[in-house]
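Protein chains in written order, with our numbering: chain A, -16 to 195; chain B, 10 to 687.
No false leads were slipped in.
No farther apart than 25 Å at their CA atoms in a straight line, the calculated lysine to aspartate or glutamate pairs in the DMTMM-like style are these:
(1) A/K164 <-> B/E519
(2) B/K421 <-> A/D5
(3) B/K512 <-> A/E(-5)
(4) B/K421 <-> A/E9
Quick look at which bits of chain B chain A covers, simulated, 3 or more residues with Cβ under 8 Å:
(5) 119 to 129
(6) 280 to 292
(7) 313 to 324
FYI, nobody ran anything at the bench for these hints, they're computed from the structure.
All of these numbers come straight from a predicted model, not from anything done at the bench.
Ideal Cβ positions, reconstructed from N, Cα and C, are used throughout, including at glycine.
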Amino acid sequence: MQEYLEAILRLELKYGVARTSDLARELNVTPGTVTSAVEQLKKFGFVVHEPYKGVRLTEAGRRQGVTMLRRHRLAERLLTDLLHVNWSKSHRIACEFEHVIDEDVARAIEKQLKGPATCPHGNPIPDADGNINEDKSMPLVSLGTKTNAVVVKIVEEKEPLLKYLSSLGLMPGVELRVEQKAPLHGPLMVNVHGSSYALGRDVASLIFVKKV
Amino acid sequence: MKGDRSCHGVVDEVKGEVDFLVALAGNPNTGKSTLFNHLTGLNAVTANYPGKTVELNIGSSLHDGINLAFIDLPGTYALGAISEDQWVARRSLFEYDIDVLIVVVDASNLARNLYLVLQCLELNKPVVIALNMVDYAVKTGQIVDATALSKLLGVPVVETVASRGQGVKNLVETVINAAKEGSKRPAVRIEYSERLSAAIADLERFISELTTETPQGVTARFAAMMLLEGDAEFIELYSKLKHGREIVDYAKALTVRGDSSGSDDLPLDVSRERHALASNIADRVTSRTSQPALLSQRLRDLSVSPHAGLPLLAGVMIALFSTIFYVGGLLSDFISGVWESAVSPLLHSAVGLLLGTGVAGKVILWGIDAGILAWLTVGVPYVLTFYLLLSFLEDSGYLNSIAFLLDSTMHKLGLHGRAIIPLLAGAGCNVPAIMGTRVLSTRRERFIASTLIVMVPCSARLAVIVGAVANTIGWAYGFFILGFEALLVGVVGVGLNRILPGKPYPLVMEMFPFRIPSLWSLSKKTWYRFKDFVFIALPLITIGSFAVGALYETGFLWSFNSVLAPLVTGLLGLPSVVGLVLVLGILRKELTLELLLALAVVQYGATGASLQAFMSPVQLLVFAVVVTIYVPCVATVSVLAKELGWKDALKISAFTIGLAVLVGAIMNGAVTQFGLVR
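With the rest of the complex left out, here is chain A (with noise of 0.2 Å):
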């Protein structure tokens, strides 16, 4: 359950709505379970459901949720900074980690790491009191034409893309321009150092920049 919470909140934190077919996809369940999930959660108040929409967060339900998205950011801090484990594998461990860490093992790891603000992939972890310190940025594709912005990160997990991005010079730090948007949500043409790009809505909602 506190599963779902956590996996809602990142969802809805990365596109502003999660989705049941991308919650099923995030948690490696079947959408029917999913659904039946949703109803559970749904009759303890901590979420609405939104037709063709996706699932939305109760104020109750979003306590519930950061507190475990701190516990599981922290978790990976604790396996890849302190225990080295690998990056790659920080994340399913975690998963396991954060169900056993209550808030007085978070602080002591909080502190042992000295306050660390995100977790090994960049993404913020939540303090104590539950505000999340979102950096500023927002995706690519709420850009208008012919603005500047800076890279701030990309949240793909998958790696060839990632890699093929950052061999066009695609990566957090890059100063980026947004020529045009295609008619009909179609894919943005993006200038990086001189060179044009079609990014697809699907990559560009990845990728997070900071106007300038």
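Take the given structure of chain A and dock chain B to it, following the hints.
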């Protein structure tokens, strides 16, 4: 020509005969292949990398008594292993004992291009840089100092303009010198940041102390870089070697240890630093003056703008297809005129002399007279013209604009924007179009695209639409069928996208300023597609003609009649004899029209000669729709099997046949029920 030959065989063959083996690497669209053409002339073969769909061009030429062989590697932005292109480029560099590596660099976009150069320098092989498109760079206000670049990188740099063959001679001389010197030339070591350099040196030492063996025989330093970059293939290769596990674990520890500032992502740092270094070098050797945006750039921008882009696309498509119809029609009439007045009588008398006027002679004539005429009048005028125009659109850069504009629409069909190229090519001939789906990255996409291509009316089916519908009951109905097909392709695409597991692959595509294509590469590209039509479709078409001829002339054909009658007459409301035509259409689609006429004469006497007397407008419409939907011909089925395997080929064939019958039945039912058409 030799599409199925493995490149290992070809490389081994040429290696025995040449003095030096030279590879060409470079980013896509840097003029690398044009340069390759200048270096090798017509002396090139295309070979497949074993087990991969990526093709390599291999050629040789003689320069001042020295025999050089060239391998044109796939164009890539990096030497990674994340796509087949990259993998093949990298593997070829490791596997073939290359004497010199030419890296072709676009002078107008130096920073991005130098990324690959820096990676290639790590390989510790003699490298020569071809600084290409210097003329275009000047037009964009950039002058690159080749001497300074050469000094900074420690390798020779030769300025070239591949489109005009400039600098090629100089390049060859430099390559020969570099080959003679071998690896004696001290490699300039690329300096990374302290932290990264320390990590590389640390790992390099660790590797060298444990073993002298490295995957693919690369240097320990290169292997160290690859592991620190988190290269999946190298990690896998290492885990099979002795001490490999220890090395991989050590590398992993190095990548996470880092500082605790949150930027402990070493793999990304490697490429970040390489990019920084590349743009630093580019800035130091390039002097820039501000130039107004070039016409080619402005046109490109216009072609993707929301207001002008879509109307322009519609205009280009209308122009494209009208040209094909008009030019193709003229050519087709001309060819059939010549054939019927000059060649056909000759063939008839020759066959008559040799075999008499019996059944055997007639069967032979079906094949060599009607069969060859059919492909001459469909193949050369329509397919060739179409592929020439398509290559022009592709090379000029306009197809990228189309891919950009249509990406969101294509996404709904489970494809990304670039899949529009094979789909369009299907309107010429389905065979090369299905081969063209190789450019798509996932099997899911290739399956969807191939299924949709099968439903795109090729020129043979266009001939049926024109002959059976447009010329008899009116052009409006011809266009109705085309529109209906487009709708059907859309519906099937959306359906497949929903049913098949997975998601469309995201689009990431470089957008080039428009260019005037070189004649060389135009003709090469056109031939590349047309050859599949000639070597795969044509033989099967001719065999098909013989088969139909044999069935027809022996009278064996009619025995199918009663079997098909319930389906054809009952469901589709067509004369039962048409069933035969539909079955035989699988051999050659445009044959259905000729057969229809011929069979009509046999069944109904001379009145049948007029299609309208033989079939009602509704029947003609249903006939044309059914013919257009089901799997085009045996050639297409065999290519589907080759590309996707027999299981999928049969699935697609069965699906389209079922769909054709279903749509035909519904159409027949609706029309007779409600009288929608006269």
